[in-house]
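Chains as they are written, first to last, in our numbering: chain A, 1 to 333; chain B, 1001 to 1333.
Hints are computed from structural coordinates only; laboratory data are not their basis. Positions of the beta carbon are idealized from the N, C-alpha and C atoms, including for glycine. You can trust all of the hints, since none of them are fake.
Across the chosen pairs, the derived CB separations fall in these ranges:
| hint | chain 1 | residue 1 | chain 2 | residue 2 | range |
| --- | --- | --- | --- | --- | --- |
| 1 | A | ASP193 | B | MET1315 | 27 to 37 Å |
| 2 | A | LYS6 | B | THR1314 | 41 to 51 Å |
| 3 | B | LYS1026 | A | GLU72 | 41 to 51 Å |
| 4 | A | GLU72 | B | THR1218 | 16 to 26 Å |
| 5 | A | THR41 | B | ASP1250 | 45 to 55 Å |
| 6 | B | THR1041 | A | GLY190 | 17 to 27 Å |
| 7 | B | ASP1222 | A | PRO146 | 46 to 56 Å |
| 8 | A | GLU72 | B | THR1314 | 32 to 42 Å |
Derived DSSO-like pairs: lysine-lysine, alpha-carbon spacing no greater than 27 Å straight-line:
| hint | chain 1 | residue 1 | chain 2 | residue 2 |
| --- | --- | --- | --- | --- |
| 9 | A | LYS8 | B | LYS1171 |
| 10 | A | LYS6 | B | LYS1171 |
| 11 | B | LYS1171 | A | LYS214 |
| 12 | A | LYS217 | B | LYS1069 |
| 13 | B | LYS1069 | A | LYS6 |
| 14 | A | LYS185 | B | LYS1065 |
There are 2 protein chains.
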Amino acid sequence: MNSVIKFKNPPGVTATASVVGKEEGKGPLAHEFDEIFEDATLGQDSWEKAESLLQKKAIEKAIKKSGRKNDEIDILFAGDLLNQCTGSTFGIRDLQIPFAGMYGACSTMALSLATASVFVASGSASVAIAATSSHFCSSEKQFRFPLEYGGQRTPTAQRTCTAAGATVVEKNKGKVLIDSVIYGKIQDLGITDANNMGAAMAPAAADTIARYLKSTKTHPDDYDLILTGDLGFVGSELLLKLLKEDHSVDIAHVHNDCGKMMFYRENQDVHAGGSGCGCSASILNSLIYRQLCEKELRNVLFVATGALLSPTSTMQGESIPGIAHGILLKGKE
Amino acid sequence: MNSVIKFKNPPGVTATASVVGKEEGKGPLAHEFDEIFEDATLGQDSWEKAESLLQKKAIEKAIKKSGRKNDEIDILFAGDLLNQCTGSTFGIRDLQIPFAGMYGACSTMALSLATASVFVASGSASVAIAATSSHFCSSEKQFRFPLEYGGQRTPTAQRTCTAAGATVVEKNKGKVLIDSVIYGKIQDLGITDANNMGAAMAPAAADTIARYLKSTKTHPDDYDLILTGDLGFVGSELLLKLLKEDHSVDIAHVHNDCGKMMFYRENQDVHAGGSGCGCSASILNSLIYRQLCEKELRNVLFVATGALLSPTSTMQGESIPGIAHGILLKGKE
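One chain only, chain A, in its complex shape (with noise of 0.2 Å):
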């Protein structure tokens, strides 16, 4: 079997929706998002209820855009980083319809969108939504300090993203159609620094994008992008040369990072960038879908990473094992 899933009848990106948190509206795709909340409770009492209400905003506006209403969503893909998931059920609860929860970590994004879009391609469902979130303050309290501590972060820690996206994805319809998609297999080098999850991931994200182009006999050259997320600038760096060492590839010249992307690293005390699973997710369902709209773009191959860790295995002196899942998404000709 040929590893990358490539679809005779390519399904469509009918309507996307991203919202963020006040940080993520200070960096340089603030015009690009669909709403910016300043209140990162959004009037919630608990941050884990102000994540599942993120998603919630993100998934509504996706549809109320795409034109369906909640009855015709055959199937929804989602998940999140919080424990149990519950940012995604508890999001989505009173939505209705037909759920199947993922889990990829940051590389959510990409394995729910890879995820709906089988099921479309295959006539499984008519209309299948992908969608994730992630917030910092939920983020931070369950992985690392609460707020309130105050802990310094190192260089090599990235931020994680207040942040959610959602993609409807349909048969036949759309300006952006999914071309191909292939499953990550988890790559673990040994890293056990939790503050260092670029590191950790890029081994993963490699692997995918190395697969991706042996197994569709292509070249660097043949994508206008290939956007990994969310590697950070510690990740990228080391994904780069990991391409170069291991497979003779080089990306540098398509390659960027939604972990690069979302902050002004100068102004913004973001360390090595961006994550979270709604760092990548909010980046695709904004800039990235209205350039191939637009055909700023033509394609893009679109590379999530997750790092496949938690707080209790970190403890427990395991090392961090990453995943990345890819989508090739292309502008309608």
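Assemble chain B onto chain A, guided by the hints.
Just chain B now, kept in the frame of chain A:
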């Protein structure tokens, strides 16, 4: 769109495997399982690592029985109850199989098997695996109390099974076919007692079963078995009541529940029955698969149920959303 996904070319189950812990090995189904681990640690130095190994054992056994090699498996769908699904991610990281992480709490066996079936039926994969696990000790530690605390459990509480199951799905092969699948919608009737999961999940099971019967225009008499998992004794009674009262459907004569089947209620201190992703996974992949192969059962509507809560959501006073995914398995004629 019809909420049931019915396959034109039903994929087949070509191998299954089930492994369980000591307590499950004392129950009425002991002789059905592939392996019983008398040592709950499986020789590992943490409960989490023990669970990961348990899941890996089930997957490796299933692959071996199928006669496949790891590099012939196109995709693996798996998830579990542990934070960030580390039962799965650390269990399978060495296998080098493309991996799609799923989260459905105790509904994960149906969720992962339904999704694997869609991939194989559509030709997106030739060989797929669905798997899940749970471990009594890792669950008690994470969701309730440290084992050493010796807390008393309420009569409505279920015992999380130490168990894992895996299913290999292939095209045009196998003695058991996946006829159709249905994805659940989240149901939340406001239950807040985290020691009464059966009650929280019963409405989801009722909704999925009622939608399946309505959509396929079938009647409970058309099935040899409608098998839920894992409502236990309390939730099963509620399910029968809800289906009668809200949907005028009586399934009592064809219903059983994996949570009721795993242990001897009289001799084993399990209160309202078994639970955990591994409960329905190990029973489906042993007893039920054998009975379908041997034509003791012609068809089984398998409806695994999940409670989509987290300890954090419970502490924040949230109610417990439930979900149930369904699969119709048929013995090949």
